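Enquirer: In my numbering, the protein residues as written are 30 to 600.
In case anyone wonders, no lab produced these hints; they're calculated from the structure. Predicted, not measured: the structure shown is a model, and the values here were computed from it. Please note that the accuracy of each hint is not assured.
[Unchecked claim] Keeping only pairs whose Cα atoms sit at most 27 Å apart, straight-line, the calculated DSS-like set for lysine-lysine is:
{"hint": "1", "residue 1": "241", "residue 2": "362"}
{"hint": "2", "residue 1": "92", "residue 2": "418"}
{"hint": "3", "residue 1": "241", "residue 2": "120"}
{"hint": "4", "residue 1": "418", "residue 2": "120"}
{"hint": "5", "residue 1": "223", "residue 2": "362"}
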Amino acid sequence: MPAFLFAVFSSAFLLFQVQPIMARSILPWFGGSPAVWTTCMLCFQAGLLAGYAYAHLIANFLKRRQQVIVHLTLIALSLLTLPIVPSETLKPIGGADPVTGIVRLIFATVGLPYVLISASGPLLQHWFSESGIGKTHSPYRLYAMSNIGSLLGLLSYPFLFEPAFGLREQSTLWSAGYGIYFLAAAGCGLLVLKSANAGPTTDAPAGGEVAKRPTLADRIFWVLASATGCSLLLAMTNQICQDVAVVPFLWILPLSLYLITFIIAFDHDRWYFRPIWMPLAMASVGGVLYLLEHELGDGDLPMVWQVAVYALAMFSCCMVCHGEMVRRKPAPKYLTGFFLLVALGGVLGGLFVSVAAPRFFSGFFELHLSLILTAILGLVGLIGLVRQKTWPRSITVPVLIAWVAGGGVMTHFLWAHISEHRDGILASVRGFYGVLRVGESYDSNGQDYHTLYHGRIVHGAQYLDESLSGMATTYYGDETGPAVALNYHQKRRSDSSGEVKPTGSDKPPMHIGVIGLGVGTMAAHATSGDRVRFYEINPQVEQMARGYFTYLRDCAGEVKVVIGDARISLE
């Protein structure tokens, strides 16, 4: 068993170490958006699904010796793709779709090695179970060990590898670790071949495993529970990064908690104790509702507490999802199919958050739907508990009623929050780089003005009155740094006195470059003959700036907007 433990542990460690390495490598190429991480997660979930499908196919259609030969041969061939360094030729160009660019980059750089180490978890557990090596041990314990390896792989990155090594060194170390994993997998393969005459483990129930063939309802539940858990992970990560910052640690914290729920749930059924986890989930979701309702982020509650509330809610809700899923796990005979459906659910959850939600929602409302789905999954579990009569009805029925009542209150507040998001908003659009909203307000003098918001951050405002619409506002007013820098430039000053030339005087034209468009406020500082070039990564910002604001249209000089990451556009 030690050989299998090491192989499973090392593959899981590498599997989750490569995720922050790749995401950190490409983050500057795609504008530092939280969606970079969620899209990377979608790619990794798809790679996991491909690996599990490969493991399921060879486990069911090849003989044991053929399985070993095929798997080790493919790992040996994948060594030729190392090291895992993203090619400069895969950098995004102009306004190209970032989701497509990230998917292409991830799979071109680390696709084959990632799929193969993804397959190692269920495949090695299958070998362990079917070869007779693990007759006295459940293969699901290996899955718990793989999650421990995954957790250590994640946590070691921000605290050890990222501070100590550059990205190229990290890639080299990971590639060396992949070579060690190949040797470990080869050792397991030899053990399997030597035990070829040993019979497989029994399919009798162990520790709550269902000996009967899984029903269609079981399979659907596995997929839905996995999809809900993954969407909770990504939605909470989006929420945290929007309010705090897009840094690897704030990606890794939720993912680490997500993995811990798998470790707890798969180690033994007793760890998922509904009287603890369900009330904790309800209480922590109440904290999330409070944060959403009050739109905190302005100092009312320290950021560390906001992160803690979101993290606790994600952890407890994922425990409900994964705990209910594991209560329905099959016998080892159906192990690879079970993991395949779990991976499928992960991909569906990733597609929902990374692809569907930005196209169909005008805000980050996937979090709301994920919480509602969690309540439904918990309800299904409680109904099953009532039917099984494991506990007295005097306990289960009140618990069921309390859960339904709590879910109803939660749904009401979530729907109210979605409705409030539309109040005073003229337009709202969501894309890869977040949510943009244009609001209409009045100042203390009754003057009407439009404001552009990116999440909770103001990205510019403009008065609607023609006599005031040309005035630079917010961060770009006449007394701000950008305005002073332009007005005191040598081309804005007279040659002899050094005084700033008055408006309307002969001013030599300037070429002005601005990183970030906002509503185009900097165009208000241009004079006749000036050329102003804005570099903006989000094409939706330009649409909002031209549709609801007039700074670009009314600019006295020539204006051009270049779509793309300025760091790349200026190369």
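Enquirer: If a hint holds in the structure, say so; if it doesn't, say that too.
Expert: Right, here's what the structure says about each hint:
1. 241 <-> 362: holds, 10 Å
2. 92 <-> 418: Violated - the C-alpha atoms of residue 418 and residue 92 are around 43 Å apart, more than 27 Å.
3. 241 <-> 120: violated, 51 Å
4. 418 <-> 120: Status violated; Cα separation ~59 Å.
5. 223 <-> 362: holds, 21 Å
In terms of the numbered hints stated before, the structure departs from hints 2, 3 and 4, listed from lowest to highest.
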